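Novice: What follows is each chain in one-letter form.
Protein chains: 2
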Amino acid sequence: MTAVGVFLMGVGGIGSLVAKLLLQDSRFALRGAADTDAAKSGRDLGDLLQMGKLGIEVASRPLEALEASDAQVVIHATTSFLPRAFPEVMACVQRGKHVVSTCEELAYPWARYPELASQLDQEAKAHGVRVLGGGVNPGMVMDLLPIILAANVGKITHVKVRRVVDLAGRRPQLQRKAGLGLTPEEFQVRLQERAIGHVGLLESAHLIASALGWHLQEVREQMTPLLAPRPMRHGAYRLSPGQVAGFRQELVGIAGDEPVLRMELVMALEPPDAMDAIEIEGSARVRAIFLGGIPGDVATASLMLQWAWVVACYPGPMGLMTVRDLPLWPRQMGG
Amino acid sequence: MTAVGVFLMGVGGIGSLVAKLLLQDSRFALRGAADTDAAKSGRDLGDLLQMGKLGIEVASRPLEALEASDAQVVIHATTSFLPRAFPEVMACVQRGKHVVSTCEELAYPWARYPELASQLDQEAKAHGVRVLGGGVNPGMVMDLLPIILAANVGKITHVKVRRVVDLAGRRPQLQRKAGLGLTPEEFQVRLQERAIGHVGLLESAHLIASALGWHLQEVREQMTPLLAPRPMRHGAYRLSPGQVAGFRQELVGIAGDEPVLRMELVMALEPPDAMDAIEIEGSARVRAIFLGGIPGDVATASLMLQWAWVVACYPGPMGLMTVRDLPLWPRQMGG
Numbered sequence: 001m002t003a004v005g006v007f008l009m010g011v012g013g014i015g016s017l018v019a020k021l022l023l024q025d026s027r028f029a030l031r032g033a034a035d036t037d038a039a040k041s042g043r044d045l046g047d048l049l050q051m052g053k054l055g056i057e058v059a060s061r062p063l064e065a066l067e068a069s070d071a072q073v074v075i076h077a078t079t080s081f082l083p084r085a086f087p088e089v090m091a092c093v094q095r096g097k098h099v100v101s102t103c104e105e106l107a108y109p110w111a112r113y114p115e116l117a118s119q120l121d122q123e124a125k126a127h128g129v130r131v132l133g134g135g136v137n138p139g140m141v142m143d144l145l146p147i148i149l150a151a152n153v154g155k156i157t158h159v160k161v162r163r164v165v166d167l168a169g170r171r172p173q174l175q176r177k178a179g180l181g182l183t184p185e186e187f188q189v190r191l192q193e194r195a196i197g198h199v200g201l202l203e204s205a206h207l208i209a210s211a212l213g214w215h216l217q218e219v220r221e222q223m224t225p226l227l228a229p230r231p232m233r234h235g236a237y238r239l240s241p242g243q244v245a246g247f248r249q250e251l252v253g254i255a256g257d258e259p260v261l262r263m264e265l266v267m268a269l270e271p272p273d274a275m276d277a278i279e280i281e282g283s284a285r286v287r288a289i290f291l292g293g294i295p296g297d298v299a300t301a302s303l304m305l306q307w308a309w310v311v312a313c314y315p316g317p318m319g320l321m322t323v324r325d326l327p328l329w330p331r332q333m334g335g
Numbered sequence: 001m002t003a004v005g006v007f008l009m010g011v012g013g014i015g016s017l018v019a020k021l022l023l024q025d026s027r028f029a030l031r032g033a034a035d036t037d038a039a040k041s042g043r044d045l046g047d048l049l050q051m052g053k054l055g056i057e058v059a060s061r062p063l064e065a066l067e068a069s070d071a072q073v074v075i076h077a078t079t080s081f082l083p084r085a086f087p088e089v090m091a092c093v094q095r096g097k098h099v100v101s102t103c104e105e106l107a108y109p110w111a112r113y114p115e116l117a118s119q120l121d122q123e124a125k126a127h128g129v130r131v132l133g134g135g136v137n138p139g140m141v142m143d144l145l146p147i148i149l150a151a152n153v154g155k156i157t158h159v160k161v162r163r164v165v166d167l168a169g170r171r172p173q174l175q176r177k178a179g180l181g182l183t184p185e186e187f188q189v190r191l192q193e194r195a196i197g198h199v200g201l202l203e204s205a206h207l208i209a210s211a212l213g214w215h216l217q218e219v220r221e222q223m224t225p226l227l228a229p230r231p232m233r234h235g236a237y238r239l240s241p242g243q244v245a246g247f248r249q250e251l252v253g254i255a256g257d258e259p260v261l262r263m264e265l266v267m268a269l270e271p272p273d274a275m276d277a278i279e280i281e282g283s284a285r286v287r288a289i290f291l292g293g294i295p296g297d298v299a300t301a302s303l304m305l306q307w308a309w310v311v312a313c314y315p316g317p318m319g320l321m322t323v324r325d326l327p328l329w330p331r332q333m334g335g
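Order-wise, the sequence lines are chains A and B. Reminder that position 248 of the first sequence reads as 248 in the working numbering, one-by-one numbering, no gaps. Reminder that position 310 of the second sequence reads as 310 in the working numbering, one-by-one numbering, no gaps.
Isolated chain A (complex conformation) (with noise of 0.2 angstroms):
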């Protein structure tokens, strides 16, 4: 079998990691790489991995580089939001390339943006390549596990998610995006700007929704900043009492007036019970716990890899895809 040839749009936190994933894994031929940050855009990748040279240039005009390469697959990692992923993710589809985001919109834009989604599904199929939004969340732990569950319980009323994250030890970039360090008031501003929280809980309740034929009525959404109660330290923080360390997001779906989805996301530091947790109830009841939780930062980068492979080699329909529309490992059937 022919390896997969892959772009890297973007070489962040997410992006570094697919390349050091995807350099150890044949199934895939690294194609080329670009980031518009100028910090990065000329060096080797390699030396920016800290992995010694790869001849392999990060060019700072992404859609020249990915012209001149010939890769198939465009794994796109540089923001959490569709209208400004959009205008990227065309781009690449119109040369004809098959586009795996970390885009978080991306994951099911029909809730947010039925328009610009609705524009890639026909552009996509026009050029005859797919487009996924996807990663550990939203695309695994609070989408694609519960449904996956709940397809065992026959008849399904209710479904709760519960991850709680650690933020120790994680990418800044996330430290960052949970509030760290804030005062309350700081983070009630920096959250209008949508500049703090996890995107993507309304795409993960609408995966579920679609995927179990409720119809959301209602969606409210919380937030709420967990404020440090001691001084604690973590990395370059030095948190005093009172101070943000972290935040707890909630949403709650209505079907048939009734509360049948609950979903709840903590960020914090040192979180007494890091751990995700899934709740079906129907005909039948399944709970399941991951202990730990599933791990952030590989995990996204793992999956974005993994369907990455897929949308190549599927055999399957073309357009715009979410998590529930591809098999995560099919056999190779040759497509």
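Just so you know, the hints here were simulated from the structure itself, not pulled from any lab data. Heads up, a few of these hints could be off.
Since copy identity is lost for identical chains, a pair holds within one copy or between any two.
The list that follows gives simulated cross-link-like pairs (lysine-lysine, DSSO-like), each with its CA atoms no further than 27 angstroms apart [what the hints assert, rightly or not]: (1) K155 / K20; (2) K155 / K53; (3) K53 / K40; (4) K160 / K20; (5) K177 / K160; (6) K177 / K40.
As the structure is a prediction and not an experimental result, all values here were calculated from the model.
Chain B: place on chain A using the hints.
Specialist: Same frame as chain A, but now just chain B:
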């Protein structure tokens, strides 16, 4: 969307559960049922299910009844063994029907029966239909879930799966298959006849190994009766100490001279630790626990229906499929 027409071939324990779930699910229309058991055939299916007349007679001649129906999918639940299922499944395929089967050996038939697998695949492709073997196990707990979790850990080095099932409250057929009440000597005799134990562990092992690109140079299987430590009673069973109260079935898969895959299935009366556990080691680690275990019979029936919907509606490739080869909850994509 039009309801998917389903024909039930076999209305034993699982087939009956499938029927009950199907009748509550607007995605499906029940188009017929058959069972060669003289105690069932000729009766109204609703009477058999103790839920009032349905106007569907359980036919004694499955193929004649199938031909007279306009079902798209056959849910086949008659046997664990592929040589026995093969002519039935082939006959359905040759009538242009998709087949979703609880036949454990059909979950990954290339392992034991490469020739039958090849014939099924060719015939299914020739008729533009899909054949899929699955259920809660094989099909979910000990293969699909480990595979999906494995996609989260980057380079994968070890997979460990443990399922402990409490036989109390499970269907009598399963209790018999576990050898309840036998002497250790009788257990060994039945084991030789393959009348005892779980069928499908080898298939699960191959589903995992083939996904992860592991070439299993050796597969070691071991089966141990678990003896009642004290007098036990359950339903019609009265066990004296030393009589069989269940079994432990173990499998170790060796690749690259290393035990990379460990699977353990315990089925017993009132085990202290009924649960499923999955552990994946690699670039990162995932440890999952399913409290109380994924509920066996309901899950199998529920999954049969879900796959019936997918094989009928998903616009991807045709032929002999495994649970790895199709998404479990795809969006409607006009297929």
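Novice: At most 27 angstroms between CA atoms: does that hold for K177 and K160 within a copy, between copies, both, or neither?
Specialist: Classified as within; 24 angstroms inside a copy, 35 angstroms across copies.
Novice: Can you tell me if K53 and K40 fall within 27 angstroms by alpha carbon in one copy, between copies, both or neither?
Specialist: within (14 angstroms within a copy, 72 angstroms between copies)
Novice: I want to check one pair: K160 and K20. Are their C-alpha atoms no more than 27 angstroms apart within a copy, between two copies, both, or neither?
Specialist: Between copies only: 25 angstroms across chains, 34 angstroms inside a chain, cut-off 27 angstroms.
Novice: Under a CA distance limit of 27 angstroms, which applies to K177 and K40: within one copy, between copies, both, or neither?
Specialist: Within one copy only: 22 angstroms inside, 62 angstroms across.
Novice: First find the shortest C-alpha distance between K155 and K20 inside one copy, then the shortest across copies, and answer within, between, both or neither for a cut-off of 27 angstroms.
Specialist: Result: close only across copies, 10 angstroms inter versus 42 angstroms intra.
Novice: First find the shortest C-alpha distance between K155 and K53 inside one copy, then the shortest across copies, and answer within, between, both or neither for a cut-off of 27 angstroms.
Specialist: between (55 angstroms within a copy, 22 angstroms between copies)
Checked against the numbered hints listed earlier, the structure breaks none of them; every hint is satisfied.
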